[in-house]
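Using the sequences plus the hints, can you model the full thing?
Protein chains in written order, with the working numbering: chain F, 135 to 273; chain R, -16 to 757.
Honestly, I wouldn't trust all of these hints.
[Unchecked claim] Using C-beta positions, here's what the derived DEER-type ranges look like:
id: 1; chain 1: F; residue 1: R197; chain 2: R; residue 2: S625; range: 34 to 44 angstroms
id: 2; chain 1: R; residue 1: S625; chain 2: F; residue 2: L237; range: 31 to 41 angstroms
id: 3; chain 1: F; residue 1: H240; chain 2: R; residue 2: K700; range: 20 to 30 angstroms
id: 4; chain 1: R; residue 1: L682; chain 2: F; residue 2: S272; range: 21 to 31 angstroms
id: 5; chain 1: F; residue 1: S272; chain 2: R; residue 2: I526; range: 39 to 49 angstroms
id: 6; chain 1: F; residue 1: T142; chain 2: R; residue 2: S625; range: 33 to 43 angstroms
id: 7; chain 1: F; residue 1: L237; chain 2: R; residue 2: T575; range: 39 to 49 angstroms
id: 8; chain 1: F; residue 1: R197; chain 2: R; residue 2: L16; range: 24 to 34 angstroms
Keep in mind the hints are simulated off the structure, nothing from the lab.
In this text the structure is predicted, and so the values were computed from the model without any measurement.
For every residue, glycine included, the Cβ atom is placed at its ideal position computed from N, Cα and C.
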Amino acid sequence: MHSVILHTATRLLISLILMFSIYILFRGHNQPGGGFIGGLIAASAIILYSVAFGPQWARDAMRLPCLSTAGFGLFLAAASGVLSLIGGAPFLTGLWYEPHLGLSMHLALSTPLMFDIGVYLVVVGALTGIALELEEASA
Amino acid sequence: MMLPAVLSGFVVGAFAPVLLRVLGERASWVLALLPAALFVYFLSFVGDVAAGETLRFVTPWVPAVGVSLAFYVDGLALLFALLISGIGTFVVIYTGAYLHGHAQMGRFYLYLLSFMAAMLGVVLADDIITLFVFWELTSLTSFLLIGYNHTEWASRRAAMQALVVTGAGGLALLAGLLLMSAAGGSMALSELNAAGDVLRESPMYAAMTVLVLLGAFSKSAQVPLHFWLPNAMEAPTPVSAYLHSSTMVKAGVYLLARLSPGLGGTALWFDALIIFGGATMLTGAVLALSQTDLKRILAYSTVAGLGTLVMLIGVGTPLAYKAAAVFLITHALYKGSLFLVAGAVDHEAGTRDILELGGLRRAMPVTFAAAVLAGLSMAGVIPFVGFIAKEVMYESALHTNGLVTLVAVLGNALTVAAAGVVVIRTFFGPQPELPKHPHEGPSALYLGAITLAVLGFLAGVFHPVTSANFVMPMMQSLSAAHLGHDAGHLFLWHGITWPLVLSLITLALGIVTYLAWDRVRTGIRAGLTRVGWGPDLGYDQAIAGLEWLAAWQTRVQQTGYLRQYVWVSFAVVAAALAASLATLGGGPDAFTLPAGRLTEWLALALLLVGALVTTTVRSRVAAVAALGLVGYAVALIFLLFSAPDLAFTQFMVETLTVVILVLVLMRVPLEVTAFRRRSGHVRDAVLSVAVGAVVTLVLLGVIQTPLDKRLSAFFAKTSVPEAHGHNIVNVILVDFRALDTLGEIFVVTVAGLSTVALLGMLKRGRRSAGEGEG
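Given below as structure tokens:
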């Protein structure tokens, strides 16, 4: 779509929306948010980009093919469940590792987080895949 | 040990292609070590089983529903396991020479060894689900083996036909087994057999018996389902020798034998088995004489043999069980041998047509010897085991009734003639011009045939060994009552008795029929042509009818109009909800208008406005945007009732839905009203009001029942200490119910994949159309 306003606004907005989506993804465990919503937000950013500049630009910006992103997300989510199997716990049992980084900071790494990142990638990949393909088909 | 032994065929089979690439055709000798080792392993049970013991091996499989990988070794199972592994050894060796130079031999071995494993599973299984799974695996591997020459139309048809017939029978068998299990209260065949009286008195007895018989009859090619077996001769000869004469087709017979203590002993069982078995015996024996292809003659005579076994099991006396056991051994040995001979003849002479063959005794002396020995056993000449089988068969038939005796004599006489045709016509007389210059093939081609034929001779001469180790234990498996230790004794010489007289009559009749074979053959063929219809043609008609039905049903149901699908779906939802409200109750008792806050009323007003605009506006894009407004209003309501996660997601989903819908609708240039009449509007309006009204009633009914807070309380309590998360919704999604989420994102991925694939097809189609124009 040839609109200067849309182009300029998109350039400004897209990085903000994407960062916001990642923020939403990570805060999800304790406050409203999570991988599903984060993924939807990120997908909307990429769809906005493709509406403004065309689907090929959006594909180039994604680097990875959309469906590969979704596939990798599915793999990540499933793999997070398999990790607990190694320890003999049932499939998808949550495992936590919280190293202290000093200065009263600590990091919480967990398989539910890995799972949520997987969900995020699946939603982004599948939705952008469908939307970009539709855009190209209707062009 | 038993589970690895049964499954080893699948594992070794998977490595067969690699082994073949490394070792070349010598690999067949290495692969033959597996069935040989299994044979030795099963042989180690013979002593215990002959002493009257039975062994059970159980590995849990799906303990939640009581399914286990249970295996049971008794006389019946052991005899079959020995035949499967023993004949399997020779078939594996034979294949190496028979398929010499074939590019896909590795694949063939994969199928063959997988079949062997499946067949072992069938005969050793004690759990009904295990039995069924292995049973279906034999059908599948048989399909792959029959269709091995997949470039031939006839092979593909035969493979499909065998799969359809035995697969349908397999489903009937599953239903029958489940009924048995429900009535008898156990999943174990050994326990169901012990509870025979319960089964026979069950009101479901007739249903379960008919279903089980359907499964067994389809597998063991009983009339009128026999047609797939001769067609299966399209398979390479090792397959015919192994699956379609000595093992798989006997799975049905095995099943009848296995279940006869549980289901047998009733008039239904007796009549069904004797009528179908006897009819099959005669049909097979007659049709065998109408053929000139060696393999098809043998195939029809196998049909006759299977009929014989079914009939004997139906008779159900210890004497008949003895006859069945001896005949089973006899048939497996001579028929396996003769098939291997037929394959060797085909391989060396270049034809299997009896009318073109003759005089091969000089060129192929070892094969000739095997054919003669096997043929004598088939004809039932003293002292071969076939003679004993016939004697015992007549003895048991004479104790049953005249009809069974008559059928047995006729069937056997025709079998004698068939044996004569196969052996004498092929190997005696002058040698005509043949497509190839015949000579004895490599040892792998005759080793199996001669060994099996000699075993047929030895089993007759050393009949006390045969009796004590194989016949007697199998008889005991079939009989509900305990048998005396001399019940299984065999005799070569009874003195001048009725069975001997009948044997002599049989031989005489057989010889006369053989001498008149040319006239008999043309006579049968003329008769068949005059009838003009057979089960094989009936199969084609049934398949054509099925295809017509499927096409008709698709035409009616799948119109391709999205609006019809949506309309029907909503109509079904409305009708189902209304029906359950009407019959089960649960609707609202009273309705009071809630005193909502102003913000809530505003959100509701927004929703109504959106809905009204959606239904009245003319532009599609405007309608989509208005629909988005409805969604936003719903999200607003979620927010007002403090469900931020839900509201958040709803906002995003609505936005993306509008974008995607607009993208789709850009491809559809039509206006809303373009092809709709007034009646269409009215119909849609009625449906929407109906759906809305019913859903409202259900919701009102739901909110007046008290909310069960146990789950919410559990999640609220455990969310932080066990899952380290304060956002309960997200903790449920990624931890407590992560498996559900995994399923959902799988669905999302598949939806993405299929959409992209469909649109990609569209794009490619358009591109190639464009190229066509350019």
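Evaluated hints:
Between R197/F and S625/R the CB atoms are about 39 angstroms apart, so this pair conforms to the stated range of 34 to 44 angstroms. Under the hint 31 to 41 angstroms, the C-beta atoms of S625/R and L237/F, about 36 angstroms apart, fit the expected range. Remark: the range hint 20 to 30 angstroms for H240/F to K700/R is upheld by a beta-carbon distance near 24 angstroms. Taking 21 to 31 angstroms as the suggested C-beta distance range, the pair L682/R and S272/F does not conform, at roughly 38 angstroms.
The given range of 39 to 49 angstroms is respected by S272/F and I526/R, whose C-beta atoms sit roughly 43 angstroms from each other. A C-beta distance of roughly 37 angstroms is found between T142/F and S625/R, which places it inside the suggested range of 33 to 43 angstroms. Taken as a hint, the range 39 to 49 angstroms is violated for the pair L237/F and T575/R, whose Cβ atoms sit roughly 58 angstroms apart. The given range of 24 to 34 angstroms is broken by R197/F and L16/R, whose C-beta atoms sit roughly 53 angstroms from each other.
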